[in-house]
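One letter stands for each residue in the lines below.
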Amino acid sequence: MNAGYLIRELYYQKRRTLTAILGLSIGIALLVILNALSLAYRQAAHAPLKEIGADITVQRPGDVPKELAGAVFPCSAVTIRKEEVEKIRSLPGIKGMGKAVLLWVFDSKQAWIVLGIEQSNTIGPAILRSAVAEGKFLEEGKSEALLEAAYARQFGIRVGDTVSVNGSPFPVVGLLDASRAAKIAVANLYLSLADAEGLAASSPNLQSVSPFAPGDVNLLFIKADQEKITDLAASLKGILGKKATVATPDSFLKLLGSLFALSDKFTLAASLIAIIVAILIAFKTMAGNIAERAREIGVLKAVGWTNRNVVVQLLSEAVIQCFLAGLLGLLIALVVTFGLSFMKVNIPIPWDMAPNPHFLPGGGDQLYKTLRLPVHIPWTLASFAVLLSIVIGGLTGGLLGRHVAKIKPSEVLRHE
Amino acid sequence: MNNSKILSGANLSKQYGELEVVKGVSISVAAGEFICLVGKSGCGKTTLLSLLSGLEHPTKGKVFLDGKEITGASEDDLALFRRENVGFIFQSFNLIPTLSAWENVALPLFPVKMTGEERKRRATELLEQMELGHRMEHRPSALSGGEKQRVAIARALINKPKIIFADEPTGNLDSATGDAIMDILNRLHTEEGVAILMVTHEAELAKTADRLIRMHDGEVIS
Chain A
1 MNAGYLIREL YYQKRRTLTA ILGLSIGIAL LVILNALSLA YRQAAHAPLK
51 EIGADITVQR PGDVPKELAG AVFPCSAVTI RKEEVEKIRS LPGIKGMGKA
101 VLLWVFDSKQ AWIVLGIEQS NTIGPAILRS AVAEGKFLEE GKSEALLEAA
151 YARQFGIRVG DTVSVNGSPF PVVGLLDASR AAKIAVANLY LSLADAEGLA
201 ASSPNLQSVS PFAPGDVNLL FIKADQEKIT DLAASLKGIL GKKATVATPD
251 SFLKLLGSLF ALSDKFTLAA SLIAIIVAIL IAFKTMAGNI AERAREIGVL
301 KAVGWTNRNV VVQLLSEAVI QCFLAGLLGL LIALVVTFGL SFMKVNIPIP
351 WDMAPNPHFL PGGGDQLYKT LRLPVHIPWT LASFAVLLSI VIGGLTGGLL
401 GRHVAKIKPS EVLRHE
Chain B
1 MNNSKILSGA NLSKQYGELE VVKGVSISVA AGEFICLVGK SGCGKTTLLS
51 LLSGLEHPTK GKVFLDGKEI TGASEDDLAL FRRENVGFIF QSFNLIPTLS
101 AWENVALPLF PVKMTGEERK RRATELLEQM ELGHRMEHRP SALSGGEKQR
151 VAIARALINK PKIIFADEPT GNLDSATGDA IMDILNRLHT EEGVAILMVT
201 HEAELAKTAD RLIRMHDGEV IS
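Same order as they appear, the protein sequences are chains A and B. Under the numbering used here, the residues of the first sequence are numbered 1 to 416, in order. Under the numbering used here, the residues of the second sequence are numbered 1 to 222, in order.
These aren't lab readings, by the way, just hints derived from the structure by calculation. Cβ coordinates follow ideal geometry from the N, Cα and C atoms, glycine included. Heads up, some of the hints might be wrong.
Computed footprint of chain A on chain B; a stretch qualifies when at least three of its residues, placed anywhere within it, have a C-beta under 8 Å from a C-beta of chain A [what the hints assert, rightly or not]:
#1 50-62
#2 71-85
#3 103-113
Given the sequences, and given the hints that come with them, work out the whole structure.
Below, the structure written as structure tokens:
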């Protein structure tokens, strides 16, 4: 391969070179953008769960007592027994687990959405430690309360006050900013898990429809191997019953409704089409270019270039052109994905994961997690795109080179 | 010129389908000899030149260069044979438009293992001989017809060939430029001792040759 010849050929035949590079770069850009979008939707779908440090949330629907008084479970989250929790903990693919108890407490003067949490567990609602706006977070082993700031403002409650929940007093040690909090597993009053369990266990109203003992919970947050999430979801339903609500990134993805989010097959098919289009464009443009150069190739062979010399030269030209096309495609994709990253997506939170009683004002409203679409091009995708361009260059250059090297110089030089 | 045969073709025929373009031609070229192949357009001159230079395989007959038969050689072997022994000058110059004058001259050496400096030195030397030292970096589009043909002659000489095949080398040039090109070819023949087999249909040009071969309908008639 003669580098000088290659560079001059690409430089002076600008139209040919640019057509080949532009054509292929569009195919490569399309491939990268499609995959980056698909990845972005997947990451977006993971956001509601990631906010509480989990990959899966589990709850079991059940009945609500006829009379809504004292502490009750929401109908979307009733008792998960201690033995079931231990059985779940032993499932393969589980990396960690957080537990919580979600209660609606109807006192004579006000209603509370209470969430009992494990204060030191990073899997589950305790991750909201960073959303404390005033005061401090709940301490291990202490019987204290944390209030959602807007709720506290509405009822004039301050840090240092004591609130009475179902007759039990709790000192308020901090306020939590709901706007910085997650959309699921949120409440307006946070207690220790033990205190919430105590409220649940001592509520005859709750016990009448969903027997509850200390150690039982009604919300589980699971950190799992990414590859095993689907299998785990099936196993969890096997333990808790088919009606159990098992939320995974995939279940949120389905709610998004985008073609990119809906189906791996769509992305795969679209990517394949983009690759095929890229290959066809490269092949057609280069075939045209080489046909234009038949006479030149005849001269090369007449002056003593072997077939191999010709193939290597044409192959090198094709590889360099396709490599440049890969880089340009990547650049186009970077610009487009930067633009797309300003797009916002609304991820609907299923009603059964929303903590608010639906019969209270605003409780039935559809909740959304809104976020900017996290579009980016991972280096693996970028490397794949460039590598693919080089392979396309190698294949097209090799095939066309082999074909064109068969040109007989006497045939192309004969017609002067 | 010495009398040792450098090239010979024995009973050469070339057929394209039903059409026999060259019919049982035998020809030999001595080292340093200047032969003109003349005849009307379509009489088979260029085809015979292609057969003798290894650009084309004969349907029948054999070609020997330096006593070695090249008739049955593969495409790649023929390319190597041309690279080492043969120079070509074409009517329409056939320079590569993207390469400079010196790069066009060095084109046959691109696949040969040698330094770029050595290639450029040899090309420069030849271009200076052709009085084109000042046009080294110019591309063909910036050269006149005569200059292009002189670049093509330099290219034909870069591999120090035993024989140059020239197919109507003045066909695209005006008469003054054509005469200048013929002067160069004559000088190569007389001073450098390079054998030349030139195809032309201009009888005037053929007068300078050592030998004249006339062709008609694919056959040598004198």
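Each hint, compared with the structure:
no.	hint	in the structure
1	50-62	holds (count 3)
2	71-85	holds (count 7)
3	103-113	holds (count 5)
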